[in-house]
Each structure stands twice: as C-alpha cells, then as structure tokens.
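If you read the sequences in order, they're chains A and B.
By the numbering used here, the letter at position 126 of the first sequence is numbered 126, and the numbering carries on one by one without gaps.
Numbers given in the numbering used here equal positions in the second sequence, counted from 1, plus 278.
Hints listed in this document are in silico derivations from the structure and should not be mistaken for laboratory results.
All figures in this text were calculated on a predicted structure; none of them were measured in a lab.
Cβ atoms here follow ideal geometry from the backbone N, Cα and C, with glycine treated the same way.
Treat the hints with care, since some could be wrong.
From chain B, some residues computed to sit far from chain A (all C-beta separations above 10 Å) [said to hold, decoys possible]:
| no. | residue |
| --- | --- |
| 1 | I412 |
| 2 | M417 |
| 3 | T425 |
Below, computed lysine-lysine pairings styled on PhoX-like, alpha-carbon distance capped at 20 Å [to be verified]:
| no. | chain 1 | residue 1 | chain 2 | residue 2 |
| --- | --- | --- | --- | --- |
| 4 | A | K266 | B | K367 |
| 5 | B | K367 | A | K15 |
| 6 | A | K265 | B | K367 |
| 7 | A | K168 | A | K194 |
| 8 | A | K15 | B | K464 |
| 9 | B | K340 | B | K519 |
| 10 | A | K69 | A | K58 |
| 11 | A | K7 | B | K464 |
| 12 | B | K477 | B | K464 |
| 13 | A | K69 | A | K140 |
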Amino acid sequence: MNGTSSKQLLGRTIKVIFYLLVLVVFLFPLYFMTITALKTRSEIETRTTFYPHEINIKNFREMTKGPWKRAIINSVVVCVSSVALCLPVSFLAAYAFSRRPFMGDIHIYFWLITNRMAPAASFVLPFFAIYTNIGLFDTKLGLLFAYTLFNLPLAIWIWMSFMEAVPKEIDDAAFLDGFSVWRYFGRVFVPVLKPGLITVAVFIWMFSWTEMMFAVNLTAVASKTLPAQLTVTIMRLGYGVDWGMAAAGGTISIIPGIVLVIFTKKYLTRGFVPLRRL
Amino acid sequence: MSDKRYLLIFPAIILLLFNSIFPMVVVLNYSFTKPFSDNPGFEEVNNYVDVLHSSEWWDAFKRNALFTGIVLAIEVPIGLLFALIIRGKGRLIDIVSTVVIIPSLIPFVSVGILWRLMTRTGGPIPLFMGIFGIEYTLMTPKSAFWTLIIMDAWHWISLVFLLLSASLVTIPEVYYTAARIDGSTKWQTFRYITLPGIKLPLIIVLLLRIIDSFKLFDENFILTGGGPGRSTELLSFFIIKKGIREWVGGFSAAASIIYLVIVILLCYLLITILTKGKGMLER
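Work out the full structure: start from the sequences and follow the hints.
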C-alpha cells in the first residue's frame with residue numbers, strides 16, 4: 001500500500017513539474033515582452049534585465065495617441081465589421097450546404113474551401129493593382145473585402161461542423177408546424193447553434209485581428225491596422241528599432257486574444273468536435 | 279423552395295467572386311505579360327519557364343517542404359502529448375490549458391517581435407544557451423532556420439492542442455473502463471481507443487498545419503527577413519519579394535500560380551487519401 005502511494009506521489013510531482021515547465025515556456029516570452037515595454041530605452045539597449053529597474057510608462061502612453069491610436073481603432077473597426085459581414089453570410093451558405101443539397105454543391109464547396117488554402121501571397125499583387133484602380137487602396141472597406149477571402153471559407157467550414165451535429169428531425173418538426181425559414185432560424189436553429197455562433201465569431205475576429213500581409217501591402221497611412229503599424233515600427237532600419245514601442249504595441253495586440261480565451265474557452269474547446277466533413 | 283437554396287449561398291459566392299476569381303484573372307493575365315512596364319506585351323509562357331528554371335524558386339520550394347516536414351513532426355506529436363496529459367479537472371489544469379491555447383490567438387507579427395526580443399544579442403535565449411556553453415546567434419543560416427522552426431512550434435502547438443483536446447473529451451469514458459477491466463496496456467488503450475476516436479480531428483489538424491506552414495509569411499518576414507543570405511526564404515516570402523520589392527510582376531505572378539496549383543493539388547490529394555476517396559461532402 002505504502003509503495004503505491006509513494007509511486008502516486010512521484011507521478012503527481014512529475015506532473016506538476018511538467019505543468020510548471022509548460023507554463024514557463026509559454027508565458028515567459030509574453031512576460032518578457034510586457035516588461036520590455038515597461039523599461040526605459042537605455043535599459044533595453046544596454047543590458048538584459050528580467051524586471052524593469054525603472055518603470056517607464058511612456059511607451060504605453062504613446063499607444064493612446066497619433067498613429068498607434070489610429071492603428072488600434074482601425075484594427076477594431078475592421079474586425080468588428082468582418083464579424084458583422086461574414087457571420088450571417090457564412091451562416092446562410094453553410095445552412096444551404098448542410099441542409100439543402102443542390103446541383104454542383106460539392107464543387108462549389110471545394111472551391112470555397114480552396115480559398116482558405118490559397119496562399120495570400122498569390123493575391124497581394126492583384127489586390128494591389130485592383131485596389132489602386134478602383135480607389136479601395138488604403139481604405140478599411142478594402143481590407144474588409146480582402147479579409148473575406150480567408151474568413152468566409154473558414155467560417156463556413158466551422159458552421160458546417162456544428163450544423164452536422166444538429167439532428168435533421170428538428171427541421172422537419174419545425175416546418176411541419178408551419179414555421180417559415182426565418183422563423184425557424186430565429187426560434188430553433190440559431191439558439192441550438194449558440195456555441196457555433198460564438199466559435200465562428202471568435203475565429204473571424206482573431207484571423208482579422210492577426211492578419212498582416214494584406215494590411216501591410218494594401219494600406220499606406222490612413223488605414224494601417226495594428227499589425228501593419230507594428231511591422232513598420234520594427235522594419236525601420238537605420239534609426240535602430242525602438243524595441244520599447246514595438247513591445248508595447250505587441251503587448252496591446254495580445255490582450256484581445258487572452259480575454260477571448262478566458263471567456264470563450266468552453267465553447268472553443270468544443271469547436272471542431274462534431275466535425276464529420278472536411 | 280428549390281430556387282431559394284441558391285439564394286442562400288448567393289452572398290458568399292458574390293463576395294468570393296470579387297475577392298477570389300477577379301484577382302485570379304488579374305494574376306493570370308500578369309503571368310503572361312510584363313506588367314508595370316511601358317510595353318507589357320504578350321510573353322507566352324516565358325514567365326513560367328523562367329520560374330521553373332530559377333534555382334532561387336527551387337531553393338525556396340525545397341526549404342519550405344523541409345520546413346513543413348520538420349514542423350509537422352514536432353507539433354503534431356507534442357500537441358497530441360499535451361492533449362493527452364493536460365486534461366481532467368482542477369484549477370492548475372485549467373490554467374495550464376488556457377495558457378497553452380493563448381499563442382494561437384496572438385498576431386503573427388507579435389510572435390515575431392516576441393522572438394526577436396528573445397533572440398537579440400544578449401537576450402534571454404542567447405544567455406540561456408550560454409549556460410550550456412553554446413554560442414547562439416540568429417546570424418548563421420542554420421540557427422536562423424531552426425529558430426524559425428522553434429518559433430512556429432511555440433506558436434502552433436496551441437492549435438493542435440486545442441483541436442485534439444476538444445475531441446478527446448468526446449470519447450465515451452466507458453470505453454476506457456472496459457479496457458481497464460480487460461487489463462489492456464496503456465499503449466493498447468491509446469492505439470485502439472484513443473487514436474480511432476480522434477482520427478478525424480487529427481486529419482483536420484494535419485491539413486491545417488500543412489496548408490499554413492506552406493503559406494507562412496509573417497513570422498518569417500519579421501524574424502529573419504529571409505536572411506542571413508537567403509537561408510530562411512520560404513515560398514510566400516519569395517513571391518512577395520519578387521513582386522513588390524524587385525518589381526518583376528510577371529515572374530512573381532507565374533510563381534504564385536504555380537504555388538497555388540501545388541498547394542491545392544496537395545490538399546486535394548490529402549483529402550482524397552485521408553477520407554478514402556469520399557471527398558469533401560460525404561454523399
């Protein structure tokens with residue numbers, strides 16, 4: 001008896017050590033970036049310290065004005081409008097694919113999904129050319145449209161995985177009761193799919209929030225998003241990079257992710273579970 | 279009713295026609311001409327021939343394939359291991375699993391910045407390696423390439439973990455109880471209960487990681503800028519460099535068409551093999 005309990009104790013100790021190791025590996029870089037943002041420039045440049053010897057909030061204050069403020073606002077605007085646009089559009093499409101087989105649906109579905117696979121690099125050049133011609137270059141509307149390229153396929157894909165888990169008998173029952181399609185959506189289908197709704201919204205938000213290639217190449221000044229502004233900051237050769245500023249911007253950019261994970265984790269971890277189709 | 283079905287997918291189709299087909303037509307058009315020059319002309323397939331004869335292109339391609347292979351070999355087993363270990367109830371487990379998921383929601387640029395900070399001369403990683411007497415710098419091709427791999431693993435183990443641990447929960451507990459009663463070994467339990475239970479999510483994870491590591495651009499761009507020399511130049515980076523910086527649009531367009539075809543073929547092949555020919559919609 002004594003032997004097993006000491007063995008259990010050993011097992012538990014190893015597990016706890018493993019957890020702590022994982023925490024260090026995943027949290028330390030985040031911690032290091034945050035404290036770098038709080039250091040003075042001379043401290044960053046001269047030596048590596050693991051906590052700020054002199055707290056300096058100038059970098060964060062800089063985030064609330066000028067180009068940084070604009071970039072943060074742009075990012076939020078583009079992300080919110082992406083969710084507002086893609087959520088209903090992808091919902092309707094996924095509903096059609098999931099519930100209403102029609103001619104050629106397999107081909108259309110594959111084409112839709114290939115847009116998720118297509119490397120964005122292939123699209124930068126034509127987007128650039130088209131946007132400069134029709135006046136969408138350096139506009140938030142342009143970014144919103146460009147982002148649908150990868151947001152829509154992914155959203156449809158995730159919606160499908162959730163819809164497949166809803167028994168089709170529910171539809172039949174609702175329609176037998178004389179529900180119209182819209183009433184069925186509002187009263188039955190969408191409420192059942194609430195975890196799906198949240199997951200799709202989170203994924204659209206995150207992929208728009210993190211996107212950089214289009215943001216860098218399709219904007220100039222007015223519509224730079226936070227990732228684009230960060231890129232500009234650390235690509236400034238010659239002056240030497242202002243690491244404090246880059247770290248402050250980086251720290252701001254990870255906040256929505258952390259907040260979202262904490263509040264929606266129980267939905268996210270159900271995200272792809274019922275997926276039975278690719 | 280029958281016509282309404284098309285109405286439902288209509289908005290999605292319109293948006294993607296504008297954002298996918300239209301740019302594709304433009305890029306196809308570029309790939310047969312010399313765009314941005316005074317006399318674009320018609321180049322026939324010269325641009326494609328140039329790409330296929332370019333050693334830079336093949337280097338980037340081979341490097342990208344190697345990168346994808348290594349990254350998959352690291353991320354999938356570790357992510358699966360994490361998903362197997364970090365589960366159950368308890369506050370510590372809750373905290374650990376939340377922390378492991380966080381990296382996948384961080385902008386790629388910020389991941390790049392984070393790792394630039396970590397690997398700066400005199401930064402934490404060089405200091406840490408120094409303890410073991412290893413001199414670490416981003417300035418050699420080998421260490422730059424491996425740093426890119428480690429960074430990608432740090433970033434994306436989270437996604438593998440998220441998707442796999444979500445699906446592990448769905449395996450009924452009775453299966454494990456039955457296995458315990460029958461006295462099966464841990465390996466047998468894993469091989470015959472766990473693995474079949476997470477087969478589909480595993481396929482999805484593999485697909486997503488292959489696609490995304492073939493598309494990798496941002497971190498590559500921020501961390502190493504393709505250097506030193508061309509030692510960390512991956513396909514996306516190569517195409518952007520040719521198109522936007524060196525301004526050889528025709529060449530870049532042709533390269534991106536070839537790239538697109540390769541990625542789509544790869545996915546099609548994988549989907550067919552992994553679903554045993556049933557395809558995208560199982561009907």
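### Query
What are the numbers of the hints the structure violates, in ascending order?
No hint contradicted; all consistent.
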